[in-house]
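Protein chains: 2
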Amino acid sequence: MPRFFADENAVCGDIITVTGSDARHIGYSLRMKVGDMITFCREGMEYSCEISQMTADKVICQVIEVTPSDCEPTIILKLYQALPKGDKMELIIQKAAELGVGEIVPFVSSRCVSRPDEASAMKKLARWRKISLEAAKQSGRGKVPAVAPIVTFEEAIDGMSSDIKLICYENEGIRLSEAGIDGKKSVSVMIGSEGGFERAEVEKAKAKGITPIWLGKRILRCETCPIAVSAVIMNLSGNW
Amino acid sequence: MPRFFADENAVCGDIITVTGSDARHIGYSLRMKVGDMITFCREGMEYSCEISQMTADKVICQVIEVTPSDCEPTIILKLYQALPKGDKMELIIQKAAELGVGEIVPFVSSRCVSRPDEASAMKKLARWRKISLEAAKQSGRGKVPAVAPIVTFEEAIDGMSSDIKLICYENEGIRLSEAGIDGKKSVSVMIGSEGGFERAEVEKAKAKGITPIWLGKRILRCETCPIAVSAVIMNLSGNW
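Protein chains in written order, with this note's numbering: chain A, 710 to 949; chain B, 710 to 949.
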């Protein structure tokens, strides 16, 4: 059955209204008709629907059943990623979405080379959200991972509220396996840009109850680290 | 101390002879001199050396001490990767080298779209080996992951000899955590191209003692799977 993500304002009671490119995709590309069944996902819930009305640019669907998506991990993983150079953030967001990350929070730390102004940050954010949506569709997620607006390092550490809070650091820390991830409901993990973190930043994070994680002697490229860490956390939490 | 990889024929008794671009890099870029200390890595061993003689294009070094590299994982991970489309194999090899993979064996399966002729395969192999070397240097590996010439699916399953042999399959299998990786010396894992594997291929693999691994309900892109699997195997074997 074809699967789509429903926008926040698309769901009203037991009616889902689809407009724009999804509506055209349903009508023209998939050639679906009134009476056909279709699934919409929203925030980890799946809405099984029957198409009840169609025009050239609008599809109205009757919700038949709402069930929790069984494609979502049992753990909410929040990835705090310091802005890398170039377009590496795009690869990171795509892979994070595939691997089941719940939310991506981009932030700027001392060693970030990339420091976009407000206009450029808004443009990037729109692009990142599109990448997250596309990756969520392709990988069969039950929700689209949110991409938050860029924050400062201080805002990032102040805003963290997961059961387990981690920061990847090349100079010290426990192993991911020792972080007690199994059985927890939520994990936040901070990952640096190309230069990693300053010691002073790690100290500030520790003062906020964030535990340093050491990833061994081999040096991972900045974009490899979030992919590998997300995969391992999904494994340690029994989601992989 | 500067670190280089030594070619097979560079090591002769307790003398290491460097020529070509590495020799120029040592002399011109790093401005090293006779008497300076330098480290060479080869197949997981580290050679601490003193430079004993230098010309414009040759550096001769006296080996002082040979020790096992402490940057190599304790498990030998062989990644059997079906040829993906485009240049995705390059990303896979780069990330595999960073994550500690011991050898990459590219192979062609039923669903591979990429089927290079001999000339193109030789060109690709040379490029992949260069990528492996560069990634090994950057990540501080003690050996350069070998990249084998492209084999057929049958040659791949016949040639596998690790303690644990796995094939990633979207339709059935145990979890990676259930594969008994901890404490083993070597693991081989087969990963499909865009279309995954045919059931008949998985049956052939099973007949050779290769266990299917199921990676959950979210569908990973072809290039994400080897990166995520390598990271999780390094974690499960205590190397991360």
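Treat each hint with caution, since some may be false.
In this list, chains with the same sequence are indistinguishable; a pair is considered to hold if it fits within one copy or across any two.
What the hints assert, rightly or not - Below, simulated BS3-like cross-link-like pairs (lysine-lysine); rule was C-alpha separation at most 30 Å, straight line:
id, residue 1, residue 2
1, 893, 832
2, 797, 926
3, 893, 833
4, 742, 846
5, 839, 742
6, 839, 797
7, 846, 767
8, 917, 839
9, 833, 846
No wet-lab data here; the hints were simulated from the structure. As the structure is a prediction and not an experimental result, all values here were calculated from the model.
Results for each hint:
1. 893 <-> 832: For residue 893 and residue 832, neither the intra-copy (35 Å) nor the inter-copy (48 Å) Cα distance is at most 30 Å.
2. 797 <-> 926: both (23 Å within a copy, 26 Å between copies)
3. 893 <-> 833: neither (32 Å within a copy, 45 Å between copies)
4. 742 <-> 846: within (22 Å within a copy, 57 Å between copies)
5. 839 <-> 742: within (28 Å within a copy, 53 Å between copies)
6. 839 <-> 797: both (15 Å within a copy, 22 Å between copies)
7. 846 <-> 767: Classified as within: same-chain Cα gap 20 Å, cross-chain 55 Å, threshold 30 Å.
8. 917 <-> 839: Cα proximity of residue 917 and residue 839: none, with 32 Å in one copy and 44 Å across.
9. 833 <-> 846: within (20 Å within a copy, 32 Å between copies)
Hints 1, 3 and 8 from the list above are not met by this structure, while the remaining hints are.
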